[in-house]
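Asks: In case you want the letters, here they are:
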Amino acid sequence: MLKLDNVHKIFHPGGVNEKVALRGVTLHVRPGDVVTIIGSNGAGKSTLLNVVAGVYEVDTGKVILDNQDITRWPEHIRAAHIGRVFQDPLRGTAASMTIEENLALALRRGRPRRLRRGITQAERQLFKERLALLGLGLEDRLTTRVGLLSGGQRQALTVLMATIATPKILLLDEHTAALDPRTAATVLELTERIIARHRLTTLMVTHNLAQALHTGNRTVMMHEGRIILDLYGPEREKTTVADLLKMFEQASGNAFTYDRVLLSGS
Amino acid sequence: MSLSIWLGSLEQGLLWGAMVLGVYMTFRVLDYPDLTVDGAFTLGAAVTAQYILLGNNPWQAVLGAMICGALAGLITGLLHTGLRVAPLLSGILTMIALYSINLRIMGQANLSLLREQTIFTQVRDITLLGPWGPVLLGLMVVIVVVGLLYFFLQTELGMSVRATGDNEQMIRSLGVNTSTMKLVGLAIGNALVALSGSLVAQYQGFADIGMGIGMIIAGLASVIIGEALVGNHTLFRALLAVIVGSIVYRTVISLVLQLGMPATDLKLLTSLIVVVALAFPLVRQRLGFRSLRLRGEQVAETGQCAQDLSSRRG
Ligand SMILES: Nc1ncnc2c1ncn2[C@@H]1O[C@H](COP(=O)(O)OP(=O)(O)O)[C@@H](O)[C@H]1O
Ligand SMILES: [Mg+2]
Chain G
1 MLKLDNVHKI FHPGGVNEKV ALRGVTLHVR PGDVVTIIGS NGAGKSTLLN VVAGVYEVDT
61 GKVILDNQDI TRWPEHIRAA HIGRVFQDPL RGTAASMTIE ENLALALRRG RPRRLRRGIT
121 QAERQLFKER LALLGLGLED RLTTRVGLLS GGQRQALTVL MATIATPKIL LLDEHTAALD
181 PRTAATVLEL TERIIARHRL TTLMVTHNLA QALHTGNRTV MMHEGRIILD LYGPEREKTT
241 VADLLKMFEQ ASGNAFTYDR VLLSGS
Chain E
1 MSLSIWLGSL EQGLLWGAMV LGVYMTFRVL DYPDLTVDGA FTLGAAVTAQ YILLGNNPWQ
61 AVLGAMICGA LAGLITGLLH TGLRVAPLLS GILTMIALYS INLRIMGQAN LSLLREQTIF
121 TQVRDITLLG PWGPVLLGLM VVIVVVGLLY FFLQTELGMS VRATGDNEQM IRSLGVNTST
181 MKLVGLAIGN ALVALSGSLV AQYQGFADIG MGIGMIIAGL ASVIIGEALV GNHTLFRALL
241 AVIVGSIVYR TVISLVLQLG MPATDLKLLT SLIVVVALAF PLVRQRLGFR SLRLRGEQVA
301 ETGQCAQDLS SRRG
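As given, the protein sequences belong to chains G and E, one line each in that order.
Residue 1 is where the first sequence starts when you use this note's numbering, and the numbers rise one by one after that.
Residue 1 is where the second sequence starts when you use this note's numbering, and the numbers rise one by one after that.
Be a bit skeptical, because a hint or two may be false.
[Stated by the list, open to error] Residues on chain G that point at chain E, a partial pick, calculated with CB under 10 Å:
| hint | residue |
| --- | --- |
| 1 | 82 |
| 2 | 86 |
| 3 | 93 |
| 4 | 95 |
| 5 | 110 |
| 6 | 118 |
| 7 | 145 |
| 8 | 149 |
[Claimed, not checked] Just the calculated beta-carbon pair ranges, DEER-fashion:
| hint | chain 1 | residue 1 | chain 2 | residue 2 | range |
| --- | --- | --- | --- | --- | --- |
| 9 | E | 260 | G | 112 | 51 to 61 Å |
| 10 | E | 57 | G | 150 | 55 to 65 Å |
| 11 | G | 140 | E | 237 | 14 to 24 Å |
| 12 | E | 143 | G | 217 | 52 to 62 Å |
| 13 | G | 128 | E | 128 | 28 to 38 Å |
| 14 | E | 231 | G | 249 | 51 to 61 Å |
| 15 | G | 68 | E | 233 | 36 to 46 Å |
| 16 | G | 110 | E | 263 | 51 to 61 Å |
| 17 | G | 125 | E | 259 | 36 to 46 Å |
| 18 | G | 12 | E | 140 | 51 to 61 Å |
| 19 | E | 89 | G | 112 | 25 to 35 Å |
| 20 | E | 263 | G | 125 | 51 to 61 Å |
[Claimed, not checked] Partial list, derived from the structure: chain E residues whose beta carbon lies under 8 Å from chain G:
| hint | residue |
| --- | --- |
| 21 | 167 |
| 22 | 170 |
| 23 | 175 |
| 24 | 176 |
| 25 | 258 |
Derived from the structure by calculation, the hints contain no laboratory data.
Cβ atoms here follow ideal geometry from the backbone N, Cα and C, with glycine treated the same way.
Put together the whole structure using the sequences plus the hints.
Replies: The following block contains the structure:
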């Protein structure tokens, strides 16, 4: 489904602020894979998602989605196939527009925007049904401005928006990290439900190691722009949070253990 | 105040209202601090005056003015989206260039339409309407324009333009080319401004090279007044607020002139209205002019923007 082939991304190359964010990332994601991505701050997790979404162009390497080389596609063209949810609930919705307007914009993801009516009656019905599945009572508030919703409600809406036009791949970047624990649990639960319902291939960045092992079928650990661990199947089932922590420490320790983890991991 | 002064304020409020709608479109809907406005207003007047003097139909002149205004907006937009010129500077560049272009169109600093057929001479000749002709004509134009804008902003395209002004990153991640949306918004905004310039030139009976100076601030003052009085909870209210704001603003101007304030001080007064309004954080927040935030807030944002850009290219 998604293939990243030896991807490098350097910010401000040659300048004093030069920052290598991705140094040779290779990742093959199979259809239906739900991959959780963990790693310390600055490991390159967000950059990885941004490279998939086309926010940043890669310096070298390839991005292949569904057998199409999309490496040079601009963000708004790739968007036809990609659903995204960011950490900050404010980033995924237009605050001054209503719930139904936001959903209508999302429903047309990747389609040309014409001089046609922005929301049809049939779509309103669809929105009501989908909103009802969230269980937040938003189905009765179609014409409420999104700016009036709570962070959790906005994030739940963003998840719905990212998936209402079924994407080939769903990118979640710590999308529950800014919410209080209870709301975070609700949003994660409904995210999993939506993923299962549409069998969405997903990349989910999380800082919560338990969540990383619990959600999805595969876990990838990043460190300093590299993938240093790729767990799936029985090996992943056996792994505990304590194991992950140990690997985490080893990785951020000296270079020798770092290499060992790299080898044993992949 | 006599009836004729009230009537005059109402007429002016409606005719300049198209300009305020244009400012609303760029500053408010698109969140783009577009300074093209001053030049586009005069452009509309210049094109109209010259076209009418060449013996053409005044309504055709209105249309021609709008097309020219849209082109001016497009140029500003292309400077920004194509050459990555900062929004403020892109508008200033076009505005300054338009000064020369407007002079070329007019051939002189002032063109009189006194003996020409304009859309207003036509309605003034209808005796049945008495002194109400110009107001009704202005009202008609404003209703048509507000109506069209109201429907446009609820189309797929219009909603994408609004979303571009609200949350550019989000709408880009939904597959919209935000550069195109900015071009569309700037073209429409400046077409409306030029429409207003065209109407005002015909109403006053002349076009003048300096008639656009300070239009942006007058437009902002009107939007601020309107939103304070009418609110902006729905799209319809927001558009209504623009027109009400324009009428109230022109009435205030007439009043202070009546009270003996020299006309030359008007621009000072207008600037002060906007400064005072923006001095209230609550007002600033409520009105949500993100492009007019305090300098510190702006710098932080442009810094972030520059970073994004350089990393994209990086
Ligand atoms: N737009 C950017 N400009 C410059 N450096 C960046 C940018 N985005 C990320 N970086 C740098 O790249 C590295 C990886 O960042 P990121 O992918 O955000 O890490 P993570 O999401 O894993 O915490 C960090 O060192 C960060 O400072
Ligand atoms: Mg991150």
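Asks: Tell me the numbers of any earlier hints that the structure contravenes, in ascending order.
Replies: 8, 13, 17 and 25
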